[in-house]
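Enquirer: Take a look at the letters that make up each chain.
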Amino acid sequence: MNAILLAIAQLRHQKLQTALQILLLALGTAAMALMILLGRGLERSIERDLAGIDLVVGAKGSPLQLILSAVYQIDVPTGNISREEASSLAADPRIALAVPLALGDSFRGARIVGTTPDYVALYGGTLSEGTMFQAPLEAVIGSEVARATGLRPGGTFTGAHGLTEGGGAHEDHPYMVTGVLAPTGTVLDRLVITSLESVWEVHKGHDAPGGYEPSREVTALLIRYKTPIAALQLPRFINDQTSMQAAAPATEVARLYGFLGVGRAAFQMMGLAFIALAALSVFAGLYATLDQRRHDLAIMRALGATRTRIFGQVLGEAALIGLGGAALGLLVAHLAATALAAVLGLGPMLPEGGNVFYGEEFLVALLALASAAAAAILPALNAYRMDIAVTLQRA
Amino acid sequence: MRAPAVDIASLSHGFGAKPLFVIDELKIAQGERLAVIGPSGCGKTTLLGLIAGLMKPRAGRVCVHGEDMAAMDEAARDQFRGAHIGILFQRHHLIAALTLQQNLALAMSLAGRPADPARIGALLAALDLAPLAHQKPATLSGGEMLRACLARALVNRPQLLLADEPTSSLDDARAQAVIALLQREATANDATLIVATHDARVRESFDRVLDLGARGGQP
Numbered sequence: 001m002n003a004i005l006l007a008i009a010q011l012r013h014q015k016l017q018t019a020l021q022i023l024l025l026a027l028g029t030a031a032m033a034l035m036i037l038l039g040r041g042l043e044r045s046i047e048r049d050l051a052g053i054d055l056v057v058g059a060k061g062s063p064l065q066l067i068l069s070a071v072y073q074i075d076v077p078t079g080n081i082s083r084e085e086a087s088s089l090a091a092d093p094r095i096a097l098a099v100p101l102a103l104g105d106s107f108r109g110a111r112i113v114g115t116t117p118d119y120v121a122l123y124g125g126t127l128s129e130g131t132m133f134q135a136p137l138e139a140v141i142g143s144e145v146a147r148a149t150g151l152r153p154g155g156t157f158t159g160a161h162g163l164t165e166g167g168g169a170h171e172d173h174p175y176m177v178t179g180v181l182a183p184t185g186t187v188l189d190r191l192v193i194t195s196l197e198s199v200w201e202v203h204k205g206h207d208a209p210g211g212y213e214p215s216r217e218v219t220a221l222l223i224r225y226k227t228p229i230a231a232l233q234l235p236r237f238i239n240d241q242t243s244m245q246a247a248a249p250a251t252e253v254a255r256l257y258g259f260l261g262v263g264r265a266a267f268q269m270m271g272l273a274f275i276a277l278a279a280l281s282v283f284a285g286l287y288a289t290l291d292q293r294r295h296d297l298a299i300m301r302a303l304g305a306t307r308t309r310i311f312g313q314v315l316g317e318a319a320l321i322g323l324g325g326a327a328l329g330l331l332v333a334h335l336a337a338t339a340l341a342a343v344l345g346l347g348p349m350l351p352e353g354g355n356v357f358y359g360e361e362f363l364v365a366l367l368a369l370a371s372a373a374a375a376a377i378l379p380a381l382n383a384y385r386m387d388i389a390v391t392l393q394r395a
Numbered sequence: 001m002r003a004p005a006v007d008i009a010s011l012s013h014g015f016g017a018k019p020l021f022v023i024d025e026l027k028i029a030q031g032e033r034l035a036v037i038g039p040s041g042c043g044k045t046t047l048l049g050l051i052a053g054l055m056k057p058r059a060g061r062v063c064v065h066g067e068d069m070a071a072m073d074e075a076a077r078d079q080f081r082g083a084h085i086g087i088l089f090q091r092h093h094l095i096a097a098l099t100l101q102q103n104l105a106l107a108m109s110l111a112g113r114p115a116d117p118a119r120i121g122a123l124l125a126a127l128d129l130a131p132l133a134h135q136k137p138a139t140l141s142g143g144e145m146l147r148a149c150l151a152r153a154l155v156n157r158p159q160l161l162l163a164d165e166p167t168s169s170l171d172d173a174r175a176q177a178v179i180a181l182l183q184r185e186a187t188a189n190d191a192t193l194i195v196a197t198h199d200a201r202v203r204e205s206f207d208r209v210l211d212l213g214a215r216g217g218q219p
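From first to last, the protein sequence lines are chains C and D. Reminder that position 106 of the first sequence reads as 106 in the numbering used here, one-by-one numbering, no gaps. Reminder that position 93 of the second sequence reads as 93 in the numbering used here, one-by-one numbering, no gaps.
To be clear, the hints were calculated from the coordinates, so they are not data collected in a lab. Take these hints with a grain of salt, some might be off.
Label pairs and their calculated CB-CB ranges [stated by the list, open to error]:
| hint | chain 1 | residue 1 | chain 2 | residue 2 | range |
| --- | --- | --- | --- | --- | --- |
| 1 | D | 68 | C | 363 | 34 to 44 angstroms |
| 2 | D | 15 | C | 13 | 32 to 42 angstroms |
| 3 | C | 370 | D | 203 | 53 to 63 angstroms |
| 4 | C | 13 | D | 59 | 38 to 48 angstroms |
| 5 | C | 263 | D | 75 | 49 to 59 angstroms |
A few chain C residues that face chain D, going by a derived Cβ cut-off under 10 angstroms, partial list only [as the list claims (entries may be wrong)]:
| hint | residue |
| --- | --- |
| 6 | 13 |
| 7 | 305 |
| 8 | 308 |
| 9 | 309 |
| 10 | 312 |
These figures come from a predicted structure and were not determined experimentally. Even glycine gets a Cβ: it sits at the ideal position worked out from N, Cα and C.
Build the full structure now, drawing on both the sequences and the hints.
Expert: Here it is as structure tokens:
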């Protein structure tokens with residue numbers, strides 16, 4: 001009968017109390033670990049979707065909106081820019097790569113992006129079946145779109161006006177699917193990719209008689225610099241000297257993290273509060289049961305247990321509660337992440353679901369363990385200081 | 001010549017200004033049976049506690065097998081007690097979370113010995129407790145609890161066996177049976193047996209009697 005077996009027997013003897021203490025600790029650990037999983041998953045997803053893009057150029061407006069719409073495809077664009085102005089900028093010698101995007105339509109919630117094959121290459125996209133689009137009104141679809149719609153090469157679909165479901169359909173311009181992209185874990189998986197010409201073709205009839213020609217516009221340019229000096233010169237030049245807006249994704253993403261950080265911090269504080277509450281419950285539980293177990297511990301001393309052994313025994317029981325709470329909490333967090341990714345459509349944010357473990361989670365588990373152990377210090381000290389002769393005689 | 005199992009010299013102890021008892025000299029030979037008698041409150045339990053090293057004497061010396069109990073550091077005293085002394089406390093108490101068998105295994109482990117299922121099984125069988133080996137203390141009757149505590153006191157084959165009022169709540173027949181059991185187990189293990197009792201029925205069974213109440217602790 002070693003100390004661990006004795007601690008397990010003692011905890012099993014107080015099943016309900018032990019279960020509640022473990023549950024409380026697990027709740028705190030799970031809340032904090034889930035925030036880490038979601039936060040880090042989001043960060044990785046954001047980083048992946050950035051794909052080395054240094055600058056996004058689009059119509060003037062909110063720079064964050066421009067980044068969200070052109071890079072992450074989750075907001076409405078700030079407007080369009082003229083093809084000529086975009087082409088002239090793309091020819092700048094300080095630019096290594098400029099990928100034009102034309103947005104405006106969608107298919108069952110998936111955005112139709114008019115672009116060049118460079119856009120697919122930017123995300124390392126490859127075809128899992130079929131061929132790349134060549135002619136106008138040919139398109140390749142991302143893996144998620146293929147899964148959701150059941151479309152395969154040879155299939156046709158009609159785009160709807162607008163970037164969300166419910167817009168008027170462009171019935172007279174059906175697209176044909178030429179290929180399906182392999183999963184990349186990036187924004188590409190959720191898009192329909194076609195040529196710029198396709199988007200212009202679909203919108204030809206929308207040109208205004210007065211000379212306004214949306215069919216000759218692009219929504220944004222995704223730019224990679226050729227030289228570091230471009231980072232200093234280009235954004236200022238574009239913002240000051242042209243009718244366009246330049247936004248650096250790194251800067252805007254940092255702002256985005258700032259917004260998200262508040263919510264994340266709130267959840268982490270909630271997790272911390274749960275852990276503190278659980279530690280308090282461990283303290284109260286041990287303190288109360290210690291009074292009932294005073295005679296047990298005195299008998300153990302009489303049977304040869306040293307004060308240190310008794311101190312370790314009480315601390316060990318709390319540590320086991322901490323270990324159980326931490327392990328259960330991490331398990332719950334990972335199951336929740338898997339469920340959120342699979343059921344609630346957070347797949348893009350959690351591409352690995354719960355099948356990934358971050359170093360910070362280990363720290364959270366350690367925090368739960370340390371909190372439980374810290375809560376036991378005072379009861380353990382009381383047990384350590386106990387006068388056995390007095391305790392045995394009082395009984 | 002063998003050193004006495006217990007060697008007490010100039011022992012004085014009490015909880016107020018006046019000592020509860022004074023024992024100038026008391027030597028108890030290995031294998032001897034001593035009954036410590038006297039009315040309630042005369043210090044019988046305290047004397048057993050001093051011999052077991054559960055407390056330090058106010059003055060004087062208590063040696064067990066040549067070791068001065070008060071001179072040892074506390075951890076060494078705890079370990080010495082676990083390894084050499086078996087105690088049957090007045091209140092029969094087992095650890096509630098453990099089965100009878102686990103309580104005995106714990107006593108072996110705390111004495112620094114590996115748990116010996118054969119020894120535990122044999123002891124429980126000898127005390128008619130074998131069918132209850134896997135029961136928790138809450139299910140035991142008073143008599144079963146007494147025997148279980150006795151089994152725990154004996155499981156390490158202690159050289160010194162201390163029993164505090166083992167017959168106080170028993171009828172004549174049961175009291176005789178318990179004393180006989182203690183004597184038998186002490187003989188089997190060549191152990192010294194010291195029993196604190198105010199029960200006159202058991203005096204005849206002992207080699208010597210120390211009357212703490214009548215003689216202020218002088219044997």
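Enquirer: Each hint should be assessed against the structure and marked as holding or not.
Expert: Results for each hint:
Restraint check, residue 68(D) to residue 363(C): a C-beta distance of roughly 51 angstroms breaks the suggested window 34 to 44 angstroms. Distance hint for residue 15(D) and residue 13(C): a CB-CB separation of about 35 angstroms, consistent with the stated range 32 to 42 angstroms. Taken as a hint, the range 53 to 63 angstroms holds for the pair residue 370(C) and residue 203(D), whose Cβ atoms sit roughly 58 angstroms apart. Separation of residue 13(C) from residue 59(D) is about 43 angstroms and conforms to the stated range, judged on CB atoms against 38 to 48 angstroms.
The hinted range of 49 to 59 angstroms is satisfied by residue 263(C) and residue 75(D), whose Cβ atoms lie roughly 53 angstroms apart. Here the hint on residue 13(C) is kept, as its CB sits about 4 angstroms from the closest CB of chain D, short of 10 angstroms. The beta carbon of residue 305(C) is positioned within 10 angstroms of a beta carbon in chain D (closest approach about 5 angstroms), and the interface hint is therefore held. With its C-beta approaching chain D no nearer than about 7 angstroms, residue 308(C) sits inside the 10 angstroms limit, and its interface hint holds.
Checking residue 309(C) against chain D by beta carbon gives a least distance of about 8 angstroms; that is within 10 angstroms, so the hint holds. Using the Cβ-Cβ criterion of 10 angstroms, the hint placing residue 312(C) at the interface with chain D is not satisfied: the shortest such distance is roughly 13 angstroms.
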